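Enquirer: Let chain P serve as the given structure and place chain W on it in line with the hints.
Just so you know, the sequences run in chain order P and W.
In my numbering, each number is its position in the first sequence, counted from 1, plus 178.
In my numbering, each number is its position in the second sequence, counted from 1, plus 161.
What the hints contain is simulated information worked out from the structure, not anything from laboratory work.
Given the structure is predicted, the values throughout are model-derived calculations rather than measurements.
Ideal Cβ placement from N, Cα and C applies to all residues, glycine included.
Warning: the hint list may mix true and false statements.
[Claimed, not checked] Computed list of lysine to aspartate or glutamate pairs in DMTMM-like fashion (alpha-carbon distance at most 25 Å, straight line):
1) P:Lys248 - P:Asp204
2) W:Lys218 - P:Asp204
3) W:Lys170 - P:Asp264
4) W:Lys170 - P:Glu222
5) P:Lys251 - W:Glu220
6) P:Lys181 - W:Asp199
7) W:Lys205 - P:Asp207
8) W:Lys205 - P:Asp200
9) P:Lys251 - W:Glu264
10) W:Lys205 - P:Glu222
11) P:Lys248 - W:Glu264
12) P:Lys181 - W:Asp217
13) P:Lys181 - W:Glu220
14) P:Lys181 - W:Glu264
15) W:Lys218 - P:Asp207
16) P:Lys286 - W:Glu220
17) W:Lys218 - P:Glu222
18) P:Lys286 - W:Asp199
[Said to hold, decoys possible] Example chain W residues on the side facing chain P (calculated, C-beta under 10 Å, incomplete):
19) Lys175
20) Val249
21) Pro258
22) Gln267
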Amino acid sequence: AQKITQTQPGMFVQEKEAVTLDCTYDTSDPSYGLFWYKQPSSGEMIFLIYQGSYDQQNATEGRYSLNFQKARKSANLVISASQLGDSAMYFCAMRPGISGYSTLTFGKGTMLLVSP
Amino acid sequence: NAGVTQTPKFRILKIGQSMTLQCAQDMNHNYMYWYRQDPGMGLKLIYYSVGAGITDKGEVPNGYNVSRSTTEDFPLRLELAAPSQTSVYFCASSLSPGQGARENIQYFGAGTRLSVL
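This is chain P alone, in the form it adopts within the complex (with noise of 0.2 Å):
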């Protein structure tokens, strides 16, 4: 079974400072992907970045930047120069194998504010 375990309920950042969300996986597959979605309080669940679990790179998407650490099994979210509209809950999700259905599975989310 696989398992994702995101430790902060809540986290304070002042806008402009970087932050890390982190994240845990458990998965017995060889190959996986790794996802972050942004919840705003208006409810939408949006894509943020993406990573393979043979990517050799970490992935990074504009602010957003994953920080992948394959033997440790973590997949942290890093968001530089935080803006107030960054204040949402962030979800980690993984999805075992790469190919073919498998079920993505949640976190139970991590939810950050963001302060002048």
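Expert: Then chain W, alone, in the frame of chain P:
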């Protein structure tokens, strides 16, 4: 671009009533999914479909039914609504999962907030 469209956005049901949550996508995605999100929790998969005419159960299918007659539409049916089905429901879609990032991303609708009283 519309992406994934869910209707309605909000609904209140009485215990025992039935309703259908609508989901449509215009990205020509083969895979579609229904999730529920309970307060303070991540998402749990209810049902999924890998193409028109093909559906299968996810983690929490009891009390729900789905159909997939077209590539675009994937409605979720609640029969005999119960208070335990009070939740936010998300529909998502993706390409057929593969080795690249693009194939694996699931795109979500805005959600339907359902209360059963």
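Enquirer: Each hint needs a verdict: does it hold in this structure or not?
Expert: Going down the list of hints, with the structure as the test:
1. P:Lys248 - P:Asp204: holds, 11 Å
2. W:Lys218 - P:Asp204: holds, 23 Å
3. W:Lys170 - P:Asp264: holds, 24 Å
4. W:Lys170 - P:Glu222: Holds. W:Lys170 to P:Glu222 sits at ~11 Å (cutoff 25 Å).
5. P:Lys251 - W:Glu220: holds, 24 Å
6. P:Lys181 - W:Asp199: holds, 18 Å
7. W:Lys205 - P:Asp207: holds, 20 Å
8. W:Lys205 - P:Asp200: holds, 20 Å
9. P:Lys251 - W:Glu264: holds, 23 Å
10. W:Lys205 - P:Glu222: holds, 15 Å
11. P:Lys248 - W:Glu264: The hint holds at about 21 Å.
12. P:Lys181 - W:Asp217: Cα-Cα ~21 Å, so holds.
13. P:Lys181 - W:Glu220: Holds: P:Lys181 and W:Glu220 sit about 13 Å apart, inside 25 Å.
14. P:Lys181 - W:Glu264: holds, 22 Å
15. W:Lys218 - P:Asp207: Measuring from Cα to Cα gives roughly 21 Å; hence the hint holds.
16. P:Lys286 - W:Glu220: Distance ~16 Å between P:Lys286 and W:Glu220 Cα, so the pair holds.
17. W:Lys218 - P:Glu222: Roughly 23 Å separates the two Cα atoms, so the pair holds.
18. P:Lys286 - W:Asp199: Within the cut-off at roughly 10 Å; holds.
19. Lys175: The hint is violated - W:Lys175 has no Cβ within 10 Å of chain P, the shortest such distance being about 24 Å.
20. Val249: Hint on W:Val249: holds, closest Cβ of chain P at ~7 Å, below 10 Å.
21. Pro258: holds, 6 Å
22. Gln267: holds, 6 Å
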